[in-house]
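Fit chain B to the given chain A structure using the hints.
There are 2 protein chains.
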Amino acid sequence: MSHRIDAQLAFLIEADKLKSTLRATTLCDRSRRENSGEHSWHIALYAMVMAEHAVRPIRVDRVIKMLLIHDIVEIDAGDNPIHGNHDPAEQDVIEQKAADRIFGLLPTDQASAFRALWNEFEAAETDDAIFAKSIDRVQPVIANLETDGGTWPEYNVTPAQLQTRVGVKVQRGAPAIWNTLKTRIDTWFTQNT
Amino acid sequence: MSHRIDAQLAFLIEADKLKSTLRATTLCDRSRRENSGEHSWHIALYAMVMAEHAVRPIRVDRVIKMLLIHDIVEIDAGDNPIHGNHDPAEQDVIEQKAADRIFGLLPTDQASAFRALWNEFEAAETDDAIFAKSIDRVQPVIANLETDGGTWPEYNVTPAQLQTRVGVKVQRGAPAIWNTLKTRIDTWFTQNT
Numbered sequence: 001m002s003h004r005i006d007a008q009l010a011f012l013i014e015a016d017k018l019k020s021t022l023r024a025t026t027l028c029d030r031s032r033r034e035n036s037g038e039h040s041w042h043i044a045l046y047a048m049v050m051a052e053h054a055v056r057p058i059r060v061d062r063v064i065k066m067l068l069i070h071d072i073v074e075i076d077a078g079d080n081p082i083h084g085n086h087d088p089a090e091q092d093v094i095e096q097k098a099a100d101r102i103f104g105l106l107p108t109d110q111a112s113a114f115r116a117l118w119n120e121f122e123a124a125e126t127d128d129a130i131f132a133k134s135i136d137r138v139q140p141v142i143a144n145l146e147t148d149g150g151t152w153p154e155y156n157v158t159p160a161q162l163q164t165r166v167g168v169k170v171q172r173g174a175p176a177i178w179n180t181l182k183t184r185i186d187t188w189f190t191q192n193t
Numbered sequence: 001m002s003h004r005i006d007a008q009l010a011f012l013i014e015a016d017k018l019k020s021t022l023r024a025t026t027l028c029d030r031s032r033r034e035n036s037g038e039h040s041w042h043i044a045l046y047a048m049v050m051a052e053h054a055v056r057p058i059r060v061d062r063v064i065k066m067l068l069i070h071d072i073v074e075i076d077a078g079d080n081p082i083h084g085n086h087d088p089a090e091q092d093v094i095e096q097k098a099a100d101r102i103f104g105l106l107p108t109d110q111a112s113a114f115r116a117l118w119n120e121f122e123a124a125e126t127d128d129a130i131f132a133k134s135i136d137r138v139q140p141v142i143a144n145l146e147t148d149g150g151t152w153p154e155y156n157v158t159p160a161q162l163q164t165r166v167g168v169k170v171q172r173g174a175p176a177i178w179n180t181l182k183t184r185i186d187t188w189f190t191q192n193t
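Protein sequence lines, in the order shown, are assigned to chains A and B. Per full-length UniProt numbering: the first sequence = residues 1 to 193. Per full-length UniProt numbering: the second sequence = residues 1 to 193.
Please note: incorrect hints may appear among the correct ones.
[Unchecked claim] Sample of chain B residues facing chain A (criterion: CB under 8 Å; computed from the structure): (1) Gln8; (2) Asp16; (3) Ser31; (4) Asp61.
[As the list claims (entries may be wrong)] Residues from chain A shown here face chain B by an in silico Cβ test under 7 Å; the list is partial: (5) Ser2; (6) Ile5; (7) Ser40; (8) Trp41; (9) Ala44; (10) Leu45; (11) Met50; (12) Lys65; (13) Ile94; (14) Thr180.
It is worth saying that the hints were derived from the structure and are not from the lab. Computed from a prediction, not measured in an experiment: that's the story for all the values here. Idealized CB from N, CA, C, for every residue including glycine.
Isolated chain A, as found in the complex (with noise of 0.2 Å):
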């Protein structure tokens, strides 16, 4: 027993690293960049918050652990903001290798169950993982729109960038949550460019 709780420690003193790795949003008040542990937390008080507005059923407490585990790779991969530019296959070589390592701390029974889960998160197809997928590019657009726009102008995103690379993804799982975000978008855009 104390040998399988020594390396749950291990994953989880492990995990603590994610907490410094930094996303290209701030927080809503602009004092800082904010990073993906408190990120992962935020989304997954979302999806509990937002689990009705699923296009289809869902179960809300496998798309909670879904999302406090889908960054975890970012403590060797870094974050990747969605408006810049990166090679897609590099990237997956890395958080592949990343998962191993990572999800490879825990026990054996445990390490498997996690990466399935990473897994079918990254795969984005089951109705779980698109549900997560969708919660997981809200709270950025909320970010920016609480803070005039904020990385937005910095990556000269526009409204259709924003409906090809946030909203198909947004839509796909949850769309009334799109319709909202949408009315904020246009308005911000209609008022600041």
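Below, chain B without anything else, positioned relative to chain A:
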């Protein structure tokens, strides 16, 4: 529907402020103090990994939800270090008022459900709440052990105090985890005091 989503987003935007509530403990690399948002993520992950050590059967999905919202009142009430001195009765009044205000941002049905879950956590009487409270006490011990005692010297913490203020609570919900922690704590104090 849109009005409902607006209320949910108002709550989620308010929740962002939890990322600016600082705790006594630092990150495991000692780079800065931990905030209550990332702490909430970390202990939800702790619960997900360590649910099997609950002394009685629990529903881990409920425990995770409790932990995601357990510190939200700190947006108004701040964090009270476990080894600090504060008036619990006064603190309780402030936290109840904070819970009214913050959960009150949600649509009525969710405000009631979230408040009930938070009340259950605070009361620490159900098996789920007892385990959630245990887990909430584990992570700071690990953070302190990872940082050469962390805040223990500053607060003049003794092993006896840790047994009373932390051990009793961890033991109540997850005795196997406390066994492991106790061994690590005793080793640290033997080597460092």
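Comparing the hints with the structure gives:
Look at B:Gln8: its Cβ gets to within about 5 Å of chain A, closer than 8 Å, so that hint holds up. Taking 8 Å as the C-beta cut-off, the interface hint given for B:Asp16 holds, the closest approach to chain A being about 4 Å. Here the hint on B:Ser31 is kept, as its CB sits about 7 Å from the closest CB of chain A, short of 8 Å. At about 4 Å, the closest approach between the beta carbon of B:Asp61 and any beta carbon in chain A falls short of 8 Å, and the interface hint on this residue holds.
A least Cβ separation of about 6 Å between A:Ser2 and chain B falls short of the 7 Å threshold, and the interface hint therefore holds. The beta carbon of A:Ile5 comes within 5 Å of a beta carbon in chain B, closer than 7 Å, and the hint placing it at the interface holds. Given hint, A:Ser40 at the interface with chain B, holds; its Cβ is 5 Å from that chain's nearest Cβ, closer than 7 Å. For the restraint placing A:Trp41 at the interface with chain B, the shortest Cβ-Cβ distance is roughly 3 Å, inside the 7 Å limit, so the hint holds.
Taking 7 Å as the C-beta contact cut-off toward chain B, the hint placing A:Ala44 at the interface holds, the least distance being around 6 Å. Evaluation of the A:Leu45 hint against chain B yields a held restraint, the C-beta minimum of about 5 Å falling below 7 Å. About 6 Å separates the beta-carbon of A:Met50 from the nearest beta-carbon of chain B, less than 7 Å, and the hint is met. Checking A:Lys65 against chain B: minimum C-beta separation of about 6 Å stays under 7 Å; hint holds.
A cut of 7 Å between beta carbons decides the hint on A:Ile94: the least distance to chain B is about 22 Å, and the hint is violated. Contact between A:Thr180 and chain B, as hinted, is supported at the beta carbon level, the nearest pair being about 5 Å apart and thus within 7 Å.
Checked against the numbered hints given earlier, this structure breaks only hint 13.
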